[in-house]
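Protein chains in written order, with the numbering used here: chain B, 61 to 549; chain Y, 32 to 136; chain S, 6 to 489.
Please keep in mind that the hints were generated in silico from the structure rather than gathered at the bench.
Among these hints, one or two may not hold up.
Claimed, not checked - Cross-link-like lysine-lysine pairs, in silico, BS3-like; alpha carbons within 27 angstroms at most:
(1) B:Lys65 - B:Lys105
(2) B:Lys79 - B:Lys145
(3) Y:Lys115 - S:Lys137
(4) Y:Lys56 - B:Lys154
(5) S:Lys456 - S:Lys418
(6) Y:Lys99 - B:Lys110
(7) Y:Lys115 - B:Lys105
(8) Y:Lys99 - S:Lys137
(9) Y:Lys115 - B:Lys145
(10) B:Lys123 - B:Lys154
(11) B:Lys536 - B:Lys336
(12) Y:Lys71 - B:Lys362
(13) B:Lys435 - Y:Lys115
The chain contents come next:
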Amino acid sequence: MELYKLTASEIKELFLQDKLSAEEITKYFLNRIEKSDEKLKAFLKIFPEKALKSAKALDKKKKENQQLGKLAAIPVAIKDNMHIKDEITTCGSKFLTNYKAPFSATAVKLLEQEDAIFIGKTNLDEFAMGSSNEHSAFHPSHNPWDLACTPGGSSGGSASAVAARLTPIATGSDTGGSIRQPAAFCGIVGFKPTYGRISRYGLVAFGSSFDQIGPITASVKDAGLAMEVMGKHCPCDSTSLNFPQETYTENLPETLKGKKIGVPWHFLEQLSDGAKENFLASIETIKSLGAEIIDIDLDILKYSIAVYYILATAEASTNLARFDGIRYGVRSPDAQDLEELYDISRDQGFGEEVKKRILLGTFVLSAGYQEAFYKQAQKVRTLIIRAYESAFETCDAVCMPTAPTTTFKLNTIQDPVKMYLQDIFTISSNLAGLPSISIPSGFDSDNKPYGLQLIGPQMHDVFVIQYAHAFEMATKFNRIVPPQFDKEF
Amino acid sequence: MSKKQNMSSFNKQDLNDLQRLARIKLSEEENQNLLESMQKILDYVELLSEVDTKGVPCCNLVSQFQTKNVFREDEVGELLSRDKFLENSPDQIGGMIRVPPIMKS
Amino acid sequence: MSDWEVVIGLEVHTQLNTKTKLFSAAPNHFGDEPNTNISITDTGQPGSLPVLNKSAVFKAVQLGLAIEAEVAEFSKFDRKSYFYPDSPRNFQITQLEHPIIKGGKITAEIDGQLKTFEIDRAHLEDDAGMLKHFSSFAGVDYNRAGVPLIEIVSTPCISSPKEATAYVKALKAILEYINVSDCDMEKGSLRMDANISVRKVGEKRLRNKTEIKNMNSFYFLELALESEIERQIALYEKHPDEDPDNVIIPGTYRYDTETKKTVMMRMKERAEDYRYFPEPDLIPIVLTKEYIESVRETLPELPQQRLQRYVSELGLSEYAASVLIVDKMTSDYFEEALTICSNAKSLCNWITVEFPGRLKEAGHTLYSIGIPAKHVANLVAMIDDKKITGRIAKEVADDMVKNPGTDPIEIVKNNSNYQPLSSTSEIEPLVEKVLSDNPQSIEDYKMGKKKAFAFLVGQVMKQTKGKASPEVVNELIHKRLDSK
């Protein structure tokens, strides 16, 4: 039947038309997970009983002609830094191996209300800090296109699972590119909404002014569908935008006629040859869809990594202060007194990357350095926001590659700065709170995927989805499944 | 911690001070690895000092739409039950979280 | 002592009496079983977020207006980082850079003089949980975590422990009058920290200060301050030639009730680095002039306004009025009594002097012992209506204290000893007796000695056991003597 080749929207149609039951769909994907996750290690936890129970209940609901949700019968995997009530949320960390979430994240509740079927929790870099999923305290995840390679990070597990078609939709979180870069490395779609569009309540915070939850899917329309469900105002999150929900999936155009797409050519000089070639080809596609390419100046983006690694770590150093072994999480049995309780629990509970970022964040906020580091970074952030505002006066969206390269082999990048530079194209969207999507744009000579990024002004999420959809329709790269998983199991 | 002129002079003492503030105690090996990493990163982020930010305000708010007065009515809402709270606690006694004794003075 | 002057700054933390906590919808309530008034946010659960309580902002603005401060049109929150088990997130959400209230002043009466104290700022922040100490462990209760606090910071304009108490009492009165806090020091809803230094009279610069934390009663406030002043002066005098900055080292102290001395808790050689930065999870507060004015309209009569009214409309002395207003309960009690009996001066005297004198030893107040305002009013009314003499009234008051809740009208009715003797037929025989017993006095009086008359009146009063009205006795004796 090759159900795996279908998008979530298409699967839902089959369910609505009584061609397949929710139980059948769920069993199908559970089977795929069972057969292939060993190779990918995309999941930290799978919920076969829970998923089947939900599926059966949904089938009953349908039989009784009750109103069905927008994600009816669609299996959804949740990145393991978002709470599903009463399930463990590990955040990929040893610290929280026994932490049972006392509440569901708003985004999770919204998905549940629309009849999504939760199929499992996916692997991530610990506390979402990383670009390769190598920093999960448990094990790395693998890229379905090349198992020796990283799926990207921090939402590596989600991207890997969707790319291998183990689930049609997964949630990710994006603080510096953690949805988009894995989506690019895995040849699928990843969308980070406008800052505040999706509630952060129940998402374990990393960089409070950067974090956003977003969908990782096999098609742009599916991402739009997920946005219709999750993109709502939440009174439990003060930064949640008080705007009505929007429609993303109707009237999706297949043209970019009349649109102006800005390209910061100057900034793209650091691309590898292959990446450059692929990007130029994408630009040709965009032109052929009727868009005009505009030169824009985003040179200031060269500071975005530095700004990000000062501000996000500063926020993270305080967001992670609550993990101290006192109220929840693993408390070190070796501690003799209160000081040791903190010091040792945190040393043992956190991995190296997390500790590094906490210490860095503590440093940039500390007396004597705050002015030169934190405050300076805050000011440069303003300049970056202004640069985008200026750019958007002349174009409808900005176009850049998602990552400077395609995926790389696990354990090959040790230098921290080199790893951080992976995020050079994605990070500025988080700094400026802009909606950004990564869509598959082709392959390199080793058949590893490239990703193209489209970035819009704040609250232009629907437009970004529309532009991305047009590109997808013209290229159909998203329909290509990694060879090892392009079969029934 | 006294201010330093350039960051490659970020040293072991600085790292120790940070550990005290962040309440993390690194092992000897970790100390060495982290020191090198941090020196590299701090050297890198120093490039921000070349940006002229005179007169530029700090970005304290990302959203250009949500800029003021997000409030909640003063009404009791959903509580966390004590049972659920303590379910995750490493050590509890009499309904309280138990921690090692704290010197009062 | 007189060579030295004292410089004190006070930080008063008061819990606002909102229904719910500052950033979560858990109840703001004291005294419940541990960890039963908690929410996701108050326990710092991962994934939790703060949302600001509208009512806390409103009450903060009310306070700002009541202390004649500037209500900031723009204010925001900051994170203050420090690790402690009573902190659910290991950072407090407070307001450093842009507090909601700036400036302000309070007037208080000290030794008959009015002094105005300048306030530096007041801001909102969330309270921490509570640590309960036991010998082999400590227990943490997060019921209090997240309760809204207003921290009111004075300028270092307080120059004695007495002034410190007066300042806090005046501030407390304002807080009570505008009903933003129950100011219960025993429950911890009003807490005081002091910064204190001394210097030679006339010296311009400020010397090192020490901090005394968490004093929870006026009694201890004054004792602690006195003790610390003594300690500092003694040290300076012991080392007159040393650099003052080396004599008194900044540090945090607490008052030890056993040794009756201030004891160091920790040194401040390394100032705590709180690493304040703007709270990214909260959106700034922007208040319009219209909003601020609308809050001003909700303010009830303030203590100083009430004082002025007592002086100008009721004819009380400034001193008497100041004693009445310093405590809202007392003042309200007085106003209630006034609705029954209009003799303000007399009521004031009974409420602030006579009854407190009788209740002091038992440690009670009029309201705590249960004597309703109505009864005090009735007592004064009876005196004014000459139903009892002033002297009898004092005995009736004693009875009221012994049996709180018994109406003095009943007390007088049921005790024949209190019945006034005003019928002349009962007094006349006594007058006759006294006159016949004291012929010399009659002679003296006729010779112009007024004292003799008073003596005779006194004698008759004695005979009547004070029950006779002095005016009536006067009249009767005059009648007898002047006619003869």
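Consistency of the hints with the structure:
1. B:Lys65 - B:Lys105: Holds, at roughly 24 angstroms.
2. B:Lys79 - B:Lys145: Violated, at roughly 32 angstroms.
3. Y:Lys115 - S:Lys137: It holds: about 21 angstroms lies between the C-alpha atoms, which stays within 27 angstroms.
4. Y:Lys56 - B:Lys154: Between Lys56 (chain Y) and Lys154 (chain B) the Cα gap is close to 16 angstroms, so the pair holds against 27 angstroms.
5. S:Lys456 - S:Lys418: violated (35 angstroms)
6. Y:Lys99 - B:Lys110: Given that 27 angstroms is the threshold and the Cα spacing comes to 42 angstroms, the pair is violated.
7. Y:Lys115 - B:Lys105: holds (22 angstroms)
8. Y:Lys99 - S:Lys137: violated (39 angstroms)
9. Y:Lys115 - B:Lys145: holds (11 angstroms)
10. B:Lys123 - B:Lys154: Roughly 44 angstroms separates the two Cα atoms, so the pair is violated.
11. B:Lys536 - B:Lys336: holds (20 angstroms)
12. Y:Lys71 - B:Lys362: holds (17 angstroms)
13. B:Lys435 - Y:Lys115: Violated, at roughly 40 angstroms.
Hint compliance for this structure: hints 2, 5, 6, 8, 10 and 13 are broken, all remaining hints hold.
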